[in-house]
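The residues making up each chain are set out below.
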Amino acid sequence: MADVLTAPANRPAPPAANAGREPIRRTALGLRTLAVGYVGLLVLLPIGVLVYQALKPGLSLFGDTLTDPDTVHAYEVTAIVAGVALAIDVVFGVAAAVLLVRYRFPGRRLLSAFIDIPIAVSPIIVGLALILVFGPDGWFGSFVQDRVINAQPGMILATVFVSLPIVARAVVPVLEQAGVEQEQAAASLGANAVQRFVRVTLPTIRVALVYGTVLAFARCLGEYGAVLVVSGRIEGETETVSLRIGDLFDSDLNTEGAYALTLVLMVVSVAAIVVGSIIRRKRL
Amino acid sequence: MTSFLARRRRVAATVAAAAAVLVGVSACSSSSGSKTVRLVAYSVPKPAYDALAAAFAKTSAGKGVDVKGSYGPSGAQSKAVLGGQKADYVSFSIEPDLNALVKAGKVAGDWNTGPTNGLVTKSVVVIVVKKGNPLGIKGWDDLIKPGVKIVTPVPSTSGSAKWNILAAYEHTIAEGGTPAQASEYLKQFFAHVVSRAQSGSQATQQFLSGTGNVLISYENEAIAARQAGKPVDYVVPEQSVLIENPAAVTKSANKSAKAFLSYVESEAGQEIFVSKGFRPALAGAKIGTVAGANDPANPFPTPAKLITVESLGGWSKVNDEFFGDKGISTTLEKA
Amino acid sequence: MSVTAPETRAAAVAGGWGTPRRRRGRVREGLPLGGFSGTSLGLVVLWVSLLVLLPLAAVVGKAFGSGWGDFWSAITNRENRDALVLTVALAVGVALVNAVMGTVIAWVLVRERFRGSAVLEFVIDIPFALPTVVAGLVMLALYGQDSPIDVNLYGSRIGMFVALLFVTLPFAVRTVQPVLIDLDRDKEQAAASLGASPPVVFRRIVLPQLMPAMSSGAALAFARALGEYGSLVFISSAIPYHTEFASVIIYGKLQEQGDAPTQQASALATVLLLASALVLVLLDLLQRRMARHG
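Chains as they are written, first to last, in the numbering used here: chain A, 3 to 286; chain B, 76 to 410; chain C, -12 to 281.
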């Protein structure tokens, strides 16, 4: 991509542009340094320090924390909660995206706005909201007592809430861009809705869907605030890895353990983005 | 073209499947065989209960028993159990948090008629300082000197906070002061409090992270911090309150939970508590050396003036008097 | 905030980079609802309402449940009010910084291809994918008591500000970036050939076109920062009137016994929700107006 500030070669460059080339280069360099410096200091430096702090006490302590039975339970709980939440996200996300882009109905804009809401809601408020509805004094009263709040379904609901828009929003632009022609053609050839979806729509959105799923996965994995509120912090049952990190830090006074587990979670999340980036690149 | 009805059935099937998954997941996760003990406790005894659970599993009564612990601020945990959180064994910082469960019918009224009167641990309120005691704190009156920043949890959720406030107020009376003087002291005490921790352990964590320069906490928490290698010292003030922590099994508890409670109250269990810095509730329990105590050979000195809640009229009276809507502490905190 | 709004918002959530070049104009036509899709839509709507609307409505309901008086006293009580003010101030500050830095970074990524720009691309996405508790501890590792560079921001508002900058980094960058990619260079080249210096070209030609995306990113950063909990709670000592922020108070109140604290928590939550809603609605209006005026 040619630098737009350099005049094209076949047009006589006005003296002003030519004479100003040095300052332009310097500004460009300055901007580059600013951007790289800012991101480096803000993101890379702290992450680097965390890696250092996590590994400083030594690999055996690191290993001990990761294989501690409570931690292993946390892996299991996280796998269930994040897994189920992700499945729901994907199903809902695709359905919502297709419906919003391909169909018209009254209230379409409204629905779209509602799906976007979770981005702007604090996770703690998500937890509060779920407790008000599903808690002991909630709308469902004692029927759901302890089956939702302080139990895994509540955590799944909380996780779904915060990650809901991600898949839909990843898929929507691709669907919009692809246009309806292919699907209309399929319809005119006699394909029903399901066939249209599986044979035409799905392949179109495949890459965006995978990318959205990866992002949603990272989000589900890492949810903290919302599950903090709805979980009873029951070891082996409602303690996810994020919650365990918090507990290691707060209750166990085990800072090294907390850092060690943080490193693990960070590696997994970063791996998720790497996978996502690779998938996007391949598409291009 | 598949029929409209067939499509509807497919959708319905998907929904049913999803619902089944959710229910299945929840059923799976809340499996409580007779070998599971759901323990709901206040925040600081976690390391002790972890050790107790491990030791209990080695006994014949405890073979195969899985203790699932949930720890948090005493008041909040009590509220959670009232709200439906399943619990077999409950362990709180202060008696009112357990009485709330008795009143709600979750715990039998005779919980305190056992060999230890329903208590599992004792302790005293101490003043925790940075290693070396740079401010030279010797007692309560040093806490209201300029520059002292006190870390203590909030009484609205924490049992530890209530013990601390009680001790702060009563020490003046124990010194021979009047209630008015005690109130004045407490007011100044609050003016020096800088934290807003919700539980005893959270207060400890805040203190260790750099908030304030003095922490009021349980003696066992100070010892635990030192056992964890944290750079702190602690002072047992001349006047302090005797902390007594109750525990009980719920009405719906299974045999394993009852066995666990017996174990906790037995000599073996009490010894484990002692090793973690708690004073035993069982009379005559062996007290060996306790690592982390100021003097490991004599880890549990008796303060010159040890105030008991009993002598103040019992917890119900005290809870109301201090922490009720018009309580001494409630009014002074707002000031 | 609709699906037909500029893809900037969609791109922000999806991570922007790599979204194929969009055609001008949007797909307006839609198939009518029928059988299968009708049922699916019904399901979707049901799910959205159950999961999103009802609980949020419950929060607002609880906030006003015991009347306007209780609501008002909950948010004007000195401690809560100070926390709200701090939270909003931090969120506004972060939004502004992000509007600027987000544009700078997007510019550098789009207009200056250099060795390592791929790495920069990747690093920017990290805060979005990182769990908040991880972000919190990452911040604490560098800026806490045991900081290896001897910088202790624990318990300081600056520390909180930095933590918020960390988690909101991707938002503005990812909203501005797609717009920059798609920008029509003709106008810029025309202006340059007429003698306008680069800063002028930027200010007069480029910037106005970026404004919608910048404000979109800023608004998202604002909304995120307003409700942030996990990454803030470790570096902030949550001291009343000083470093206590809204979500930590809400969380604390949920642990307290009794019903009044839950009402107060709901009141605070309602204020936060309204603030986010307001900003996002204003943004939508602003963008529609900008789109009309070209």
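Bear in mind the hints are in silico, worked out from the structure with no lab data behind them. If you're wondering where the values come from, they're calculated on a predicted model, not measured in any experiment. Please note that a few of the clues may not be correct.
Stated by the list, open to error - 30 Å max Cα-Cα, derived DSSO-like pairs, lysine-lysine:
(1) B:Lys401 to B:Lys305
(2) B:Lys205 to B:Lys409
(3) B:Lys392 to B:Lys305
(4) B:Lys205 to B:Lys110
(5) B:Lys361 to A:Lys58
(6) B:Lys110 to B:Lys220
(7) A:Lys58 to B:Lys262
(8) B:Lys213 to A:Lys58
What the hints assert, rightly or not - Facing chain A, according to a computed beta carbon distance under 10 Å, are these residues of chain C, among others:
(9) Val39
(10) Gly54
(11) Asp69
(12) Leu241
(13) Gln244
(14) Leu260
(15) Leu269
(16) Asp271
(17) Leu272
(18) Leu273
(19) Met277
Claimed, not checked - Sample of chain A residues lacking proximity to chain B, with all beta carbon distances greater than 10 Å (derived):
(20) Arg28
(21) Arg201
(22) Arg235
Think of the CB as a built atom: it goes at the ideal place given N, C-alpha and C, for glycine as much as any other residue.
Right, here's what the structure says about each hint:
The hinted pair formed by lysine 401 (chain B) and lysine 305 (chain B) fails the criterion: a straight-line CA distance of about 39 Å is larger than 30 Å. Straight-line distance between C-alpha atoms of lysine 205 (chain B) and lysine 409 (chain B) comes to about 29 Å, which keeps the hinted pair within the 30 Å bound. A C-alpha spacing of about 37 Å is found between lysine 392 (chain B) and lysine 305 (chain B), which places the hinted pair above 30 Å, so the restraint is violated. Proposed proximity of lysine 205 (chain B) and lysine 110 (chain B) is contradicted: the alpha carbons are some 43 Å apart, above 30 Å.
Straight-line distance between C-alpha atoms of lysine 361 (chain B) and lysine 58 (chain A) comes to about 39 Å, which puts the hinted pair past the 30 Å bound. Between lysine 110 (chain B) and lysine 220 (chain B) the CA atoms are separated by roughly 53 Å; this puts the pair beyond 30 Å, and the hint is violated. Restraint check: the Cα-Cα separation between lysine 58 (chain A) and lysine 262 (chain B) comes to about 44 Å, which exceeds 30 Å; the hinted pair is violated. With a CA separation close to 37 Å, the supplied pair lysine 213 (chain B) and lysine 58 (chain A) exceeds the 30 Å bound.
Given the 10 Å rule on beta carbons, the hint for valine 39 (chain C) holds: about 6 Å separates it from the nearest Cβ of chain A. Taking 10 Å as the C-beta cut-off, the interface hint given for glycine 54 (chain C) is violated, the closest approach to chain A being about 17 Å. Annotation: interface hint on aspartate 69 (chain C) violated; nearest CB of chain A at approximately 18 Å, more than 10 Å. A distance limit of 10 Å between C-beta atoms decides the matter here; for leucine 241 (chain C) the minimum to chain A is near 6 Å, and the interface restraint holds.
At its closest, the beta carbon of glutamine 244 (chain C) sits 13 Å from a beta carbon of chain A; the interface hint therefore is violated under the 10 Å criterion. Look at leucine 260 (chain C): its Cβ gets to within about 7 Å of chain A, closer than 10 Å, so that hint holds up. The beta carbon of leucine 269 (chain C) is not positioned within 10 Å of any beta carbon in chain A (closest approach about 13 Å), and the interface hint is therefore violated. Because the closest C-beta pair between aspartate 271 (chain C) and chain A is about 8 Å apart, less than 10 Å, the hint holds.
The criterion of a C-beta within 10 Å of any C-beta in chain A is not met by leucine 272 (chain C), whose closest approach is roughly 13 Å, and the hint is violated. Annotation: interface hint on leucine 273 (chain C) violated; nearest CB of chain A at approximately 16 Å, more than 10 Å. Annotation: methionine 277 (chain C) was flagged as interfacial toward chain A, and the flag is violated, the nearest CB pair being 18 Å apart, outside 10 Å. Non-interface status of arginine 28 (chain A) relative to chain B is upheld: no Cβ of that chain comes within 10 Å, the nearest being about 42 Å off.
No beta-carbon of chain B comes within 10 Å of the beta-carbon of arginine 201 (chain A); the shortest separation is about 15 Å. Arginine 235 (chain A), annotated as away from the interface, has a beta carbon of chain B within 10 Å; the closest lies near 5 Å.
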